[in-house]
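Asks: Listed below are the residues making up each chain.
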Amino acid sequence: MENSEKTELVLLACGSFNPITNMHLRLFELAKDYMNGTGKYKVIKGIISPVGDAYKKKGLISAHHRVFMAQLATKNSEWVEVDTWESLQKEWVETAKVLRIWITSATCCKDLWEMCLGHHQEKLEASSCGNEQGSPVLERPGRKRKWAEQRQDFSQKKSLEPKTKGVPKVKLLCGADLLESFGVPNLWKSEDITQIVRDYGLICITRAGNDAQKFIYESDVLWKYQNNIHLVNEWITNDISSTKIRQALRRGQSIRYLVPDLVQEYIEKHDLYTSESEERNVGVILAPLQRNMAEANS
Amino acid sequence: MKSRIPVVLLACGSFNPITNMHLRLFEVARDHLHQTGMYQVIAGIISPVNDKYGKKDLVAARHRVAMARLALQTSDWIRVDPWESEQVQWLETVKVLRHHHRELLRSLPQKEGLDRGKAHPAAPTAVPELKLLCGADVLKTFQTPNLWKDAHIQEIVEKFGLVCVGRAGHDAERYILGLPILQKYQHNIHLAREPVQNEISATYIRRALSQGQSVKYLLPDAVIAYIKDHNLYTKDSSWKDNNT
Numbered sequence: 001m002e003n004s005e006k007t008e009l010v011l012l013a014c015g016s017f018n019p020i021t022n023m024h025l026r027l028f029e030l031a032k033d034y035m036n037g038t039g040k041y042k043v044i045k046g047i048i049s050p051v052g053d054a055y056k057k058k059g060l061i062s063a064h065h066r067v068f069m070a071q072l073a074t075k076n077s078e079w080v081e082v083d084t085w086e087s088l089q090k091e092w093v094e095t096a097k098v099l100r101i102w103i104t105s106a107t108c109c110k111d112l113w114e115m116c117l118g119h120h121q122e123k124l125e126a127s128s129c130g131n132e133q134g135s136p137v138l139e140r141p142g143r144k145r146k147w148a149e150q151r152q153d154f155s156q157k158k159s160l161e162p163k164t165k166g167v168p169k170v171k172l173l174c175g176a177d178l179l180e181s182f183g184v185p186n187l188w189k190s191e192d193i194t195q196i197v198r199d200y201g202l203i204c205i206t207r208a209g210n211d212a213q214k215f216i217y218e219s220d221v222l223w224k225y226q227n228n229i230h231l232v233n234e235w236i237t238n239d240i241s242s243t244k245i246r247q248a249l250r251r252g253q254s255i256r257y258l259v260p261d262l263v264q265e266y267i268e269k270h271d272l273y274t275s276e277s278e279e280r281n282v283g284v285i286l287a288p289l290q291r292n293m294a295e296a297n298s
Numbered sequence: 001m002k003s004r005i006p007v008v009l010l011a012c013g014s015f016n017p018i019t020n021m022h023l024r025l026f027e028v029a030r031d032h033l034h035q036t037g038m039y040q041v042i043a044g045i046i047s048p049v050n051d052k053y054g055k056k057d058l059v060a061a062r063h064r065v066a067m068a069r070l071a072l073q074t075s076d077w078i079r080v081d082p083w084e085s086e087q088v089q090w091l092e093t094v095k096v097l098r099h100h101h102r103e104l105l106r107s108l109p110q111k112e113g114l115d116r117g118k119a120h121p122a123a124p125t126a127v128p129e130l131k132l133l134c135g136a137d138v139l140k141t142f143q144t145p146n147l148w149k150d151a152h153i154q155e156i157v158e159k160f161g162l163v164c165v166g167r168a169g170h171d172a173e174r175y176i177l178g179l180p181i182l183q184k185y186q187h188n189i190h191l192a193r194e195p196v197q198n199e200i201s202a203t204y205i206r207r208a209l210s211q212g213q214s215v216k217y218l219l220p221d222a223v224i225a226y227i228k229d230h231n232l233y234t235k236d237s238s239w240k241d242n243n244t
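Protein chains in written order, with this note's numbering: chain A, 1 to 298; chain B, 1 to 244.
Heads up, some of the hints might be wrong.
Said to hold, decoys possible - Computed list of lysine-lysine pairs in DSSO-like fashion (alpha-carbon distance at most 27 Å, straight line):
id: 1; chain 1: B; residue 1: K216; chain 2: A; residue 2: K40
id: 2; chain 1: A; residue 1: K269; chain 2: B; residue 2: K216
id: 3; chain 1: A; residue 1: K75; chain 2: B; residue 2: K216
id: 4; chain 1: A; residue 1: K224; chain 2: A; residue 2: K6
id: 5; chain 1: A; residue 1: K224; chain 2: A; residue 2: K189
id: 6; chain 1: A; residue 1: K169; chain 2: B; residue 2: K216
id: 7; chain 1: A; residue 1: K42; chain 2: B; residue 2: K228
id: 8; chain 1: B; residue 1: K235; chain 2: A; residue 2: K42
id: 9; chain 1: A; residue 1: K244; chain 2: A; residue 2: K56
id: 10; chain 1: A; residue 1: K75; chain 2: B; residue 2: K228
id: 11; chain 1: B; residue 1: K216; chain 2: A; residue 2: K42
id: 12; chain 1: A; residue 1: K45; chain 2: B; residue 2: K228
id: 13; chain 1: B; residue 1: K216; chain 2: A; residue 2: K6
id: 14; chain 1: A; residue 1: K97; chain 2: A; residue 2: K42
id: 15; chain 1: A; residue 1: K45; chain 2: B; residue 2: K140
id: 16; chain 1: B; residue 1: K216; chain 2: A; residue 2: K244
id: 17; chain 1: B; residue 1: K159; chain 2: A; residue 2: K40
Stated by the list, open to error - Take a look, some chain B residues computed to stay more than 12 Å from chain A by CB distance:
id: 18; residue: D51
id: 19; residue: D81
id: 20; residue: E86
Unchecked claim - Far from chain A, some chain B residues (derived; all Cβ distances over 10 Å):
id: 21; residue: V59
id: 22; residue: A60
id: 23; residue: L105
id: 24; residue: R106
id: 25; residue: V138
id: 26; residue: L147
id: 27; residue: E199
id: 28; residue: I200
id: 29; residue: S201
If you're looking for bench data, these hints aren't it; they were derived computationally from the structure. Even for Gly, the Cβ is constructed at its ideal location relative to N, Cα and C.
Next up, chain A with everything else stripped away, as it sits in the complex:
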């Protein structure tokens, strides 16, 4: 299939990234190889969207650190970068909403989308697209914030034109743990799960393919949209969980070669993960649980 016939694809990964690790970064590489390998897709961008502090997860340190570490980690990547919009919101934002916002803004302003993807560098300098300085390239932190604010504006506008052919698809990239978290009561709205798998799609990197397949089999909605759930096998067991990283740091153990060097240096410089930081949000209910339970009771 020629390049022009392939569907352009953006991979969006939501999560705490507390901190980002080599495993997170591997997810993108594995997903890209897999989706490109089907011959039907061309992966053009990877987006890391760290969750906001309002998520209230235990041990979650300040968003600006988590964002900065992710930016350091993707400094040498040609296609993966960090989006700060979600992390800047005062309230926690459902993953489905993050996806919706991406799709809406991509749909209603194709020019902005293309500039975002760096397709038209010249347009970047020249056009303003409603902004005084011209649209930012998603390279430097300051510029990224500007882009994020713009996108928020666009998402509130109505769609200016019908979905154009050239708009890439966005799929949610995750590990098997996220897939299986669909089963946790009150963590996800069922309509959100449906929308994610029906309208967008999931790329799930998993070590034990059988467990993930079984989980899909046992869920009616996942089963219905199974063609939109891509399971990618991770042959190299790479169990670098952020939890273990934080534990190693508390114990004074080395995390070198588990996270990018720049991230390790940053953590050390700012003494980010301690026993105190791990106690953050203890006793606080996780934002999605709180919200969904409240809505259920209202």
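Given the structure of chain A, go ahead and fit chain B onto it with the hints provided.
Replies: Relative to the frame of chain A, chain B by itself:
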């Protein structure tokens, strides 16, 4: 307060290519030894095997050494030593240990005449201990017939010592129990546990590379760039088996 014994860690292997997992071995081993309170790790050495080892798909030593050097650019305590790879023939691991031990002794500061005329000499500088660093899989290979000479295994565990990094303690402990010579010197075999399951095998890396798949974040970027620049591990560059 009893002072710590200085230790140098030596890792022998193909390093074909070097990966983040190899580098982790050093970090985990160092943390483990420090945590015992008895040791102070002062240096790490990576010694890539000689081309004459004859392992399938082994790329030229100069490349393997260069890649290790690139990987260690940002390390302040681990270095690569090409001595083993530069020898005319393949060397048993124990000979590499002996060589580096000699070098270690040679590099110690000589204290001369500090206490001229006094009855007792100045306190000697603590002699660093050289230990072989390996994964649990290497421990297992001690059982493989004819792979190791018995006398060598004994010398390694008796005279030098082993630091063995594994995930669950069970495998390594089992291998030790399986060989009487290991059991006898188990006090000189340190089992370090790597809490993060991390099976970045170089074999997988080579396969991924030959299939054009990404290995980013499994090895240092500089090593990946080198592999690309020198066209290593591609589908076309399959190396013939050398006869030992």
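Asks: With reference to the structure, classify each hint as holding or not holding.
Replies: Against the structure, the hints come out as follows:
Taking the CA atoms of K216/B and K40/A, the gap is near 23 Å; set against the 27 Å cutoff, the hint holds. Pair hint K269/A plus K216/B holds up; C-alpha atoms about 25 Å apart against a cutoff of 27 Å. Restraint check for K75/A and K216/B: the C-alpha separation of about 13 Å stays at or below 27 Å, so the hint holds. About 24 Å separates the Cα atoms of K224/A and K6/A, which keeps this hinted pair within 27 Å; it holds.
Straight-line distance between C-alpha atoms of K224/A and K189/A comes to about 17 Å, which keeps the hinted pair within the 27 Å bound. For the hint linking K169/A to K216/B, the alpha-carbon distance of about 24 Å falls within 27 Å, and the restraint holds. Only pairs whose Cα atoms come within 27 Å are accepted, and K42/A paired with K228/B is accepted, the gap being roughly 22 Å. A C-alpha spacing of about 23 Å is found between K235/B and K42/A, which places the hinted pair at or below 27 Å, so the restraint holds.
For the proposed pair K244/A and K56/A, the alpha carbon gap of about 19 Å is at most 27 Å, so the pair holds. Straight-line distance between C-alpha atoms of K75/A and K228/B comes to about 20 Å, which keeps the hinted pair within the 27 Å bound. Restraint check: the Cα-Cα separation between K216/B and K42/A comes to about 19 Å, which is no more than 27 Å; the hinted pair holds. Between K45/A and K228/B the alpha-carbon distance is near 22 Å, which keeps this suggested pair within the 27 Å criterion.
For the suggested pair K216/B and K6/A, the alpha carbons sit about 24 Å apart, so the restraint of at most 27 Å is met. A distance of roughly 24 Å separates the Cα atoms of K97/A and K42/A; the hinted pair therefore holds under the 27 Å criterion. A threshold of 27 Å between alpha carbons decides the hint, and for K45/A with K140/B the separation of about 44 Å lies outside it, so the pair is violated. For the hint linking K216/B to K244/A, the alpha-carbon distance of about 21 Å falls within 27 Å, and the restraint holds.
About 60 Å separates the Cα atoms of K159/B and K40/A, which puts this hinted pair outside 27 Å; it is violated. With a cut of 12 Å on Cβ distances, D51/B stays outside the contact zone with chain A, its closest approach being about 27 Å. In this structure D81/B is separated from chain A by more than 12 Å, as the shortest Cβ-Cβ distance comes to about 20 Å. Its beta-carbon lying about 27 Å from the closest one in chain A, E86/B satisfies the requirement of being farther than 12 Å from that chain.
Every C-beta of chain A lies more than 10 Å from that of V59/B, the closest at about 20 Å, which supports listing it as non-interface. Even its closest Cβ contact with chain A, about 25 Å, leaves A60/B beyond 10 Å, as expected for a residue assigned away from the interface. No beta-carbon of chain A comes within 10 Å of the beta-carbon of L105/B; the shortest separation is about 28 Å. Residue-level check passed: R106/B sits 30 Å from the nearest beta carbon of chain A, beyond 10 Å.
Distance check on V138/B: its Cβ is at least 19 Å (rounded) from any Cβ of chain A, clearing the 10 Å threshold; non-interface status holds. Once the 10 Å rule is applied to beta carbons, L147/B is consistent with being away from chain A; the minimum gap is 26 Å. Taking the minimum C-beta to C-beta distance to chain A, about 5 Å, the non-interface status of E199/B is violated against the 10 Å cut. Non-interface status of I200/B relative to chain A is broken: a Cβ of that chain comes within 10 Å, the nearest being about 6 Å off.
Here S201/B does not stay apart from chain A, with its beta-carbon only about 7 Å from theirs, under the 10 Å limit.
Consistency with the previously given hints fails for numbers 15, 17, 27, 28 and 29, ordered from lowest to highest.
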